[in-house]
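If you want the building blocks of each chain, they are given just below.
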Amino acid sequence: MMEYDIVIIGAGPAGLGAAVEAYEKGVRDILIIERDSYPGGILQQCIHNGFGLIEFKEELSGPEYAERFIEKVNKYGIKIMLNTMVLNISSDKVVKAVNQENGVMEIKAKAIILAMGCRERPRGAISIPGTRPAGIFTAGTAQRYVNMEGYMPGKEIVILGSGDIGLIMARRFTLEGATVKAVVELMPYSSGLTRNIVQCLDDFGIPLLLSHTVIEIRGKERVEGVTIAQVDENKRPILNTAKYLSCDTLILSVGLIPENELSKSAGIILDPVTGGPLVNESMETNVEGIFACGNVLQVHDLVDNVTKESRLAADSAVKYIKGLLKQEGKFINAKAGSCIRYVVPQTVNYENIDDKVKFHMRPTDVFKNAYISVKSGGKEIMRRKMQRMTPGEMILIEIKKDKFLDNDLHPVDDITFEVEVV
Amino acid sequence: MEKRELTCIVCPNGCHLVVEVEGKEIVNISGYECKRGLKYAEDEIIMPKRTLTTTVKAEGGHLPVVSVRTKEPIPKELLNKAVYELSRITVKPPINVGDVIVKNILSTGVDVIATRALYSK
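Chain order of the listed sequences is A and B.
Take 1 as the starting number for the first sequence in the working numbering and just add one per residue.
Take 423 as the starting number for the second sequence in the working numbering and just add one per residue.
If you're looking for bench data, these hints aren't it; they were derived computationally from the structure.
Incorrect hints may have been included.
Unchecked claim - Selected chain B positions facing chain A (Cβ under 8 Å, derived; list incomplete):
| no. | residue |
| --- | --- |
| 1 | I431 |
| 2 | C433 |
| 3 | R472 |
| 4 | V487 |
| 5 | V522 |
| 6 | R538 |
Stated by the list, open to error - Across the chosen pairs, the derived CB separations fall in these ranges:
| no. | chain 1 | residue 1 | chain 2 | residue 2 | range |
| --- | --- | --- | --- | --- | --- |
| 7 | B | G531 | A | K243 | 27 to 35 Å |
| 8 | B | K425 | A | S265 | 38 to 46 Å |
| 9 | B | Y541 | A | K322 | 35 to 43 Å |
| 10 | B | G531 | A | K379 | 58 to 66 Å |
| 11 | A | P188 | B | V440 | 19 to 27 Å |
| 12 | A | K400 | B | S529 | 29 to 37 Å |
| 13 | B | E447 | A | K235 | 44 to 52 Å |
Beta carbons are placed, not taken as given, at the ideal position from N, Cα and C, and that holds for glycine.
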């Protein structure tokens with residue numbers, strides 16, 4: 001059986017970032033396993049700019065951002081096994097993988113970092129009635145066709161969902177000569193970044209129809225059109241607002257799901273809200289020595305944040321193999337309270353806090369001039385004013401180590417994050 | 423005096439900017455959290471600019487298209503023209519990240535560079 005100190009599953013931004021960090025922290029025996037024929041993951045098809053402002057203080061495209069890490073991985077001589085599919089991970093950290101060259105192999109790791117990323121919600125997940133013609137694509141698939149394979153999926157396009165990939169693709173289709181008739185969003189707000197609404201829709205005069213959905217797809221062989229309608233506050237279509245839009249293509253940008261089949265095989269417990277593993281402050285899952293970072297843990301808005309998270313996971317994996325990561329201690333639960341959808345990490349081992357813990361969270365709705373209040377045992381331990389919060393933009397709250405102590409200087413049982421509207 | 427509200431697109435913070443304009447003169451800009459935001463607001467009123475990201479056709483390489491971008495933002499009104507210029511170009515390997523694909527596109531003084539490497543098949 002092959003043996004490595006650290007095995008990383010996935011060579012996207014999270015996996016590459018974790019590999020570089022683990023190497024720089026002194027570990028040499030690292031293997032990255034990637035199913036695609038090239039490292040970089042989804043960044044290779046994200047040719048738009050805006051990546052790296054935090055990480056490199058530059059505005060890069062996705063492939064350029066990936067290249068910075070690929071160069072380092074190559075320079076350090078970190079091994080990447082490409083065209084290799086992981087089939088299973090066991091709780092004692094044996095990875096079963098397959099490729100054309102070696103057939104099925106078993107690889108034993110001292111620590112594993114999960115960096116499999118996420119996938120798109122498909123049509124089946126949102127149940128649109130109508131026929132089953134050609135011409136329905138998820139936004140990411142269309143992005144790969146246009147930016148990497150050199151194909152256009154259609155000429156007259158309607159986009160359902162206003163996630164960032166949908167917005168980015170609305171601009172991309174327009175620049176390539178197609179007409180984007182509308183971006184249709186079920187919610188009363190867009191789940192994408194405001195800057196993308198400005199530069200991808202407003203710049204090109206593409207209408208964003210909030211509180212609308214597609215209620216029927218027409219066409220037998222190929223999409224011929226869709227019927228859209230406004231929805232009421234319970235998200236039910238208001239039928240007398242129905243309107244037919246002819247189009248040859250329907251693009252779905254209706255959310256992303258962390259890809260955790262492998263995590264389940266290792267007995268890792270998932271958070272029902274994020275769809276990713278439950279982790280502690282060290283990004284360690286409930287299975288000792290298995291860590292998670294990037295979109296497999298929680299769907300991020302920014303790759304720069306994925307990189308930061310990958311560093312934390314790699315640092316923890318390095319500590320773990322050196323026996324420096326404490327498994328025993330006082331665990332504090334971090335809970336999502338009123339108007340907060342989720343909090344990551346979900347637990348904190350007080351013994352492993354260096355200086356502070358960074359919590360990521362999303363609100364359930366759009367709020368203006370509200371506060372994030374962090375409470376423990378009914379007492380507020382921190383409060384931060386937020387000018388504007390939206391579910392499309394992740395919030396970061398840092399809490400210093402001493403805030404986790406009660407009046408008798410014992411670590412508290414749990415902390416709760418809530419939105420307070422004044 | 424006219425008040426114009428903008429969302430800064432330079433970074434994901436998306437600062438809400440308020441620009442007070444008197445005729446064609448900018449009187450005051452507020453709401454930005456960094457210098458980039460101030461510059462964006464000025465440009466957006468005087469001459470809006472965007473970074474263009476697209477692809478060009480490739481022949482004999484490991485990919486059928488290569489992703490490119492303008493090295494700096496170019497005037498927004500030139501985006502379509504620039505895309506048209508780039509649609510008529512075919513590149514051949516080897517291409518490295520950062521290689522200039524078109525020098526001084528549409529006399530803007532801005533080069534178009536490759537954002538992905540292209541190897542021979």
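Hint by hint, here is what the structure shows:
| no. | hint | in the structure |
| --- | --- | --- |
| 1 | I431 | holds (4 Å) |
| 2 | C433 | holds (5 Å) |
| 3 | R472 | holds (6 Å) |
| 4 | V487 | holds (4 Å) |
| 5 | V522 | violated (15 Å) |
| 6 | R538 | holds (4 Å) |
| 7 | B:G531 to A:K243: 27 to 35 Å | violated (45 Å) |
| 8 | B:K425 to A:S265: 38 to 46 Å | violated (58 Å) |
| 9 | B:Y541 to A:K322: 35 to 43 Å | holds (39 Å) |
| 10 | B:G531 to A:K379: 58 to 66 Å | holds (59 Å) |
| 11 | A:P188 to B:V440: 19 to 27 Å | holds (24 Å) |
| 12 | A:K400 to B:S529: 29 to 37 Å | violated (55 Å) |
| 13 | B:E447 to A:K235: 44 to 52 Å | holds (47 Å) |
Going down the numbered hints, you'll see the structure goes against 5, 7, 8 and 12, while the others check out.
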